[in-house]
Amino acid sequence: MTRELDPLHWLDRHGDLLFRFALARVGDEALAEDLVQETLLAAWKGREGYCGSSSESTWLVGILRHKIVDHFRKRSEISLEALDLDLDRWFDDRGHWRHPPGAFLDPQRSHDMDQLKQALKICVGHLPPRFRHLFYLREVDGLSAEQIRKLLPASSTNNVWVMLSRMRFQLRQCLERSGFGMVGEEGR
Amino acid sequence: MMISCREAMELASKELDTPLSGKERLLLRLHVWFCTGCRRYERQLQWMHEVCKLSNPEAWLSEVRLSSQARQRIRQRLQRGQ
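Top line first, the protein sequences correspond to chains A and B.
Here the first sequence is numbered in this note's numbering, starting from 1 and rising by one per residue.
Here the second sequence is numbered in this note's numbering, starting from 189 and rising by one per residue.
No lab work stands behind these hints, which were simulated from the structure alone.
Check each hint, because a few of them may be wrong.
What the hints assert, rightly or not - One-sided and incomplete, this derived list gives chain A residues near chain B with beta-carbon spacing under 7 Å:
no.: 1; residue: Pro7
no.: 2; residue: Leu8
no.: 3; residue: Leu11
no.: 4; residue: Asp16
no.: 5; residue: Phe19
no.: 6; residue: Leu41
no.: 7; residue: Phe91
no.: 8; residue: Pro100
no.: 9; residue: Pro101
no.: 10; residue: Leu116
no.: 11; residue: Lys117
no.: 12; residue: Glu139
no.: 13; residue: Ala145
no.: 14; residue: Leu164
no.: 15; residue: Ser165
no.: 16; residue: Ser178
Stated by the list, open to error - With a Cα cut of at most 30 Å, we get these calculated BS3-like pairs of lysine-lysine:
no.: 17; chain 1: A; residue 1: Lys45; chain 2: A; residue 2: Lys117
no.: 18; chain 1: B; residue 1: Lys211; chain 2: A; residue 2: Lys74
no.: 19; chain 1: A; residue 1: Lys67; chain 2: A; residue 2: Lys45
no.: 20; chain 1: A; residue 1: Lys150; chain 2: B; residue 2: Lys202
None of the values given here were measured: they were computed from a predicted structure.
Note that beta-carbon positions come from the ideal geometry of N, C-alpha and C, so glycine has one too.
Let the sequences and hints guide you as you build the complete structure.
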């Protein structure tokens, strides 16, 4: 079967997937549409490089990933301030919790696991764009902190660890606020 | 010898990204042994991390579609670009 190398055909077959992928990561429809367009143009220019060893959609998503990284790279460096997370509100002078973390439902029960996934997806959507991108790179794509340091770029791997730690702190608080947390001691 | 909750919070995240040094590991284990709040925090972070690892990447995408206007715009651009 010969593959049809035609960007209009790619748009028809994979346009929605590319758009969904971009939108999840950049959180802005107009921007996501632009990224889909850039991806298809770049794919057309680079069509010689497509050897057919991966599926067409995997190849296109790979190009889109680069476009998304480039988009964030062109902007100012990722900074903790964007998170608007004041740890002094959560910890006292001696570094103790002012309000210790509440218990969660038990995600080892499959019903609770589904709920956790849904709630997490919503909370990720509330992160500022740079941190959402960071979330996807680390938690969904499974890149290492060192790989992420080069992509962002960040000045050190230590910086990446700190940003991941604040991002997770924020997500955890969001889960608790969104009702996933459970009052009392039955939860874990 | 003991670390604060704030430091334990950082280490509970770091251990998901890199193996901790022997000293860091010891300090974190010792802290969460005594501290319910941080024990919970550590476990909840691990759950979040696991949920992401187990999920199919597609599960993170919503059911949105390219609007017909956007599709048309991109189509025209591609036709010019070839």
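Here is what the structure says about each hint:
no. : hint                : verdict
1   : Pro7                : 5 Å, holds
2   : Leu8                : 6 Å, holds
3   : Leu11               : 6 Å, holds
4   : Asp16               : 5 Å, holds
5   : Phe19               : 5 Å, holds
6   : Leu41               : 5 Å, holds
7   : Phe91               : 4 Å, holds
8   : Pro100              : 3 Å, holds
9   : Pro101              : 5 Å, holds
10  : Leu116              : 6 Å, holds
11  : Lys117              : 6 Å, holds
12  : Glu139              : 4 Å, holds
13  : Ala145              : 5 Å, holds
14  : Leu164              : 6 Å, holds
15  : Ser165              : 4 Å, holds
16  : Ser178              : 13 Å, violated
17  : A:Lys45 - A:Lys117  : 38 Å, violated
18  : B:Lys211 - A:Lys74  : 39 Å, violated
19  : A:Lys67 - A:Lys45   : 14 Å, holds
20  : A:Lys150 - B:Lys202 : 18 Å, holds
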